[in-house]
Amino acid sequence: MSLAYLINKRKREVEIMKKGKKLIALLMVVSLLVASFTACSKKEEPAAEKETEQATENAEGDTATDETKKLGDATLKVWGSQEDQEMLGKMVENFKALYPEDNLDISLGVVSEADAKTEVLKDTSVAADVFAFASDQIAELQAAGALYRITLNKDAIIAANSEPSIQAATVGGELYAYPSSADTYFMYYDKSKYTEDEVKSLETMMEKDLGPNVINFSFDADNGWYLSSFFFAAGCQLFGADGTDPTTVTFNDANGVKVGNYLIDLANNKKFANHDDGLLLAAFQGGTLGATMSGTWNAENISKALGENYGVAKLPTINLDGKEVQLSGMANFKLYGVNSQTQYPEAAMALADYLTSKECQQMRFETRSYAPTNVELASNTEALSVNPAVAALSEQSQYATLQTSIPQSGNYWAPSEAFGAGIMNKEVTKENLQENLDAFVNNILATLE
Amino acid sequence: MDKLKKESKTNIFKFYSKTFIEGDIFTKLSFIIMGLSNLLRGQIVKGLIYLSLEIGFIYFMVTTGVSKLIGLRTLGTQGQHMEFDESRGIDITVPGDNSMLFLLFGVSTLFIVAAFLVLWNSNVKSAIKAQQMKQAAKKLPGFIDDIQSLFDKNLHMSFLSLPVIGILLLTVLPLIFMITIAFTNYDHNHQPPGNLFTWVGLKNFDTILLSGETISKTFWPILGWTIIWAIFATILNYILGMLLAMLINRKDIKFKGLWRTLFVLSIAVPQFVSLLIMRNILADQGALNMLLKEFGLIEKSIPFFTNPTLARISVIVINLWIGIPHTLLITTGILMNIPEDLYESAKIDGAPPFIMFFKITLPYVIFVTTPYLITQFIGNINNFNVIYLLSAGGPNTNEYYQAGKTDLLVTWLYKLTVDKKDYNYASTIGILVFVISATFALSVYRKTSAYNNEEEFQ
Amino acid sequence: MSKIKSISGKRKTVNFFSYILLIVLSAIWIMPLFYVVLTSFRAEPGAATPYFWPKGFTLKNYYNLFHPTSSMPYDFFLWFKNTFIVAVFSCILATFYNLATAYVMSRLRFKMRKPYMNIALILGMFPGFMSMIAVYYILKSLGITQSLVALVLVYSSGAGLNFYIAKGFFDTIPKALDEAAWIDGATKFQVFRKLTVPLSKPIIVYSTLTAFLAPWMDFIFVSVIMGDNHKKYTVALGLFKMIDAKQVNQYFTMFTAGSVLVSIPIALLFISMQRFYVSGVTGGSVKG
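If you're matching them up, the sequences are chains A, B and C in order.
Numbers in the numbering used here are just positions in the first sequence, counted from 1, shifted up by 65.
Numbers in the numbering used here are just positions in the second sequence, counted from 1, shifted up by 3.
Numbers in the numbering used here are just positions in the third sequence, counted from 1, shifted up by 718.
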């Protein structure tokens, strides 16, 4: 009995709270309106002055909005990964300084880009107003109605950021997120084992004798993220030419078979190893590894492990049936999105816009080694070369293939892992390759209904 | 006892009509105005509690309950959508119905209604009882008497109330909510808040069990492996753990406490630590393979987790590392309690040790620990941690849909919910697992002496 | 005479092999734990090494745990404190739930008893995390998400279902004792408090210990409940977040250091309580 009572009571309280909240919100809106009318009439002149001041200040930061510098009071929350918290804190302070007249209450929460989809979809109503997420989540977030379409300042954003990054932030022809940094993988190598010329071709690398027990080249072969680079190199398509067709995957065509054969040969080569991320450091440190594919997140540790011999480069080319083709990794982007349920859409959009501005991307590059998507920053090779890993990433980006983000693309990982593992443990042979490729593709395309 | 129960069940309506007919006007009115009979016969506090709860319930139903029940039927009609606001230059989100919340609140309301019916039932009983006692000129128990009875005659009510509230609120209600999802189309295409989902009847069961398509091609093989795994994991842990306990219990072994501690230490380390470490040690390029290569024992790495068959063996064997210490703890005491004379007489008959183990030790321990064994078996069917942390279900295979060769049903449905957001299928699979385990457990448990001869123990 | 000698000779070899077996087995059991400890002192970063013995040793991994910086913002002490608070309160509640339910099922007879016992047996069989999302919204409607209270409730609420072992124990306490006390005019509650509880030390220790452990091990429920509020993380979730696939090389040695710090108190607790644990679990079978 007391259960019913408790629930009853609680429900009533919640209802009353809800009603109360609505009432309070309404009151606030009304009073705000009144206040802003009176404020406008009074303070018009100084506000206008401030505007022009700031406009000149921000003339260089090209993404700054030209529109009014007044957002109104707002309470916002931003999500970013744990490591980014301090940097985000600074950015938020800078943002607030741009709007001294507004009462902006901005708090931070810890949700990494990788977890954003899960957290946002768990409960959109309490999720952050502005959140960072990985670009492969955008389709599902958009489909679930969790993202605001970007209409304010849209052209400036599109102009300021690289084309692939804009493509990654676009769903069905509409822009749904603000690009913040680019992410793909490239090659790390030991300079005492390879020269700069040798790392251009995988064949050259594999032919070189680096001594007993040394692995010439490794990558995480049972991971679709890396495995795809070989298929993309051969011109195979994942979900059609533009990655939006859930019924087309061409990994099992003639080119796919060539790739399969190439991978089988590679797996049989004793100088090759299937290293996952965790093993790289020790192998580099022990001098038993020539080169590998990985991303910027390992840069600091690998550079420590290799010391003077630390080398980075774009991915090598491979010789596929007599033709040299460039390995083409998957490119992913970190994006900022605005929660569709935010109370303060304009303020949230302004904040997201600022967090992905040139200024902030520069800061991100300097403090966290994130590769910028801002064209001006990304094309400034001189500035990027301070951080060789980011420079290599930028170079590789030209050859990268955009990671698709349609909902069906979530189906890619398990089958590709299965195929990669099959090759590595010799279950996939040249005889049954076609069958395995067909199963691989069918499984990517599989739907439940 | 059983017969009585049945009678009371079939006669529940008879009870009400009889009560209604025999009851005086107060009792009759108590059918509608709860607590009236108690209130007017001197049990004021009790009566007031009934009455206020009824008023609370009616208030709740009128203000929210009814709309929640209607929502449960449709699961929402108006989805969230965007409208472009020219003046602000942005879309404005027009909030819509959230099917998931409709479902949850609807189910909660049903719970409240059920709780109210229970309350109403007790009210009717209490009403007629008050009348009868008054007629018999007995003193009615006052509120203080009622409170006191909660510490004596009705101790079970006070003792069970908090645990049962906890269970109802955080186990049963979520469970029923999840079960209802199996009858909806709440999959990755119908994610709230942007989309509505709705009732689809038995479609999901049909897809999984009968369609012969993608998902059912995966379900049956994984079910097979889940059962194999549960059998091996349970029995091996049990027998080997018992043997280890016997070994330590041997008369001549010294430092028994020390040996036990060494094994039991592994329980103290969180599984997500120890299992992740195991995975690293056994990886293709991990410490163990490297060590064996250095000693020249092997040429190529042993594919502990990459070869499908070996991976299955690996997870079972590593699970021994987790499970044996538990069995050790459980059985040590039991083994010490086995009457010595049983062994003595067997020895005189010249029975070899392994016969004694199978004829005396094993039956004895099994007899005592059947409930534990059942829980272990069910626990292994649902053993999420070991598989998820150790192999993550891998190696993946293209024979299955989004699953690997060591995936259990439970880890597979975790992937379906967390990675794929296909809640409806996950929930359907959950129900199937539940039905299998519950049937098994209840049928076995009802056969055990622990269940049947319960009263004899005391 | 010679026969006795040969028996004792045989016994000696059996003993010898028993010890060898025990040493080998305990080595296998200890090795992974030892590896965790070793890794926690490893100077070189990275998730795995192709060698067993670290090339360098350091205390830095432990130091970093207690000195969060902007680049390593993991506040281990805070998580430890949270977990400890949750563990203490949830184990008090859970122990009470557990004992109360077990006592009621063992000693009292009422209508819903058998149904309750059957339901309790099967209720735990539905995969728990399936209902996480519902639990989250229920806690939300109570207004207690992202709080330690919610965790206490979640970890203790199931205790009323796991009464079987304690019930088995209570079953072994002769009912005649209760009856004698009733005749002396004691209420049932008094019997429970003054008679049963003092006799049940082992099972109380066992229940407390099991309940105390849960918050240190779970990383799934807590992540759903705490969401973005990392100040309310428990150690398990905090540690688990550290080794998020991309960061694994960066933080793995720190992760193991944290794991060692979590494991030490639990291990000590286990060792000191082991006596009770053994007899607590099996006490219920004495009369079986």
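Everything labelled a hint here was simulated from the structure, so no lab data went into it.
Quick caveat, the model's predicted, so the values are computed rather than measured.
Each residue gets a CB set at the ideal place from its N, CA and C atoms; glycine is no exception.
Treat the hints with caution; some may be incorrect.
Have a look at the derived ranges for each label pair, beta carbon to beta carbon [to be verified]: (1) C/Thr776 <-> B/Leu295: 56 to 62 Å; (2) B/Ile95 <-> C/Pro772: 55 to 61 Å; (3) C/Leu796 <-> B/Thr264: 55 to 61 Å; (4) B/Phe16 <-> A/Thr312: 33 to 39 Å; (5) A/Thr313 <-> B/Arg449: 20 to 26 Å; (6) A/Asn159 <-> C/Met749: 19 to 25 Å; (7) C/Met749 <-> B/Lys259: 35 to 41 Å; (8) C/Ile901 <-> B/Asn340: 46 to 52 Å; (9) A/Thr446 <-> C/Met749: 49 to 55 Å.
Coverage of chain A stretches by chain C, computed from C-beta distances (three or more under 8 Å per stretch; other residues unrestricted) [unchecked claim]: (10) 144-151; (11) 167-177; (12) 337-348; (13) 407-416.
Just pull the numbers of the violated hints for me, sorted ascending.
Of the numbered hints, 1, 3, 4, 5, 6, 7, 8, 13 do not hold.
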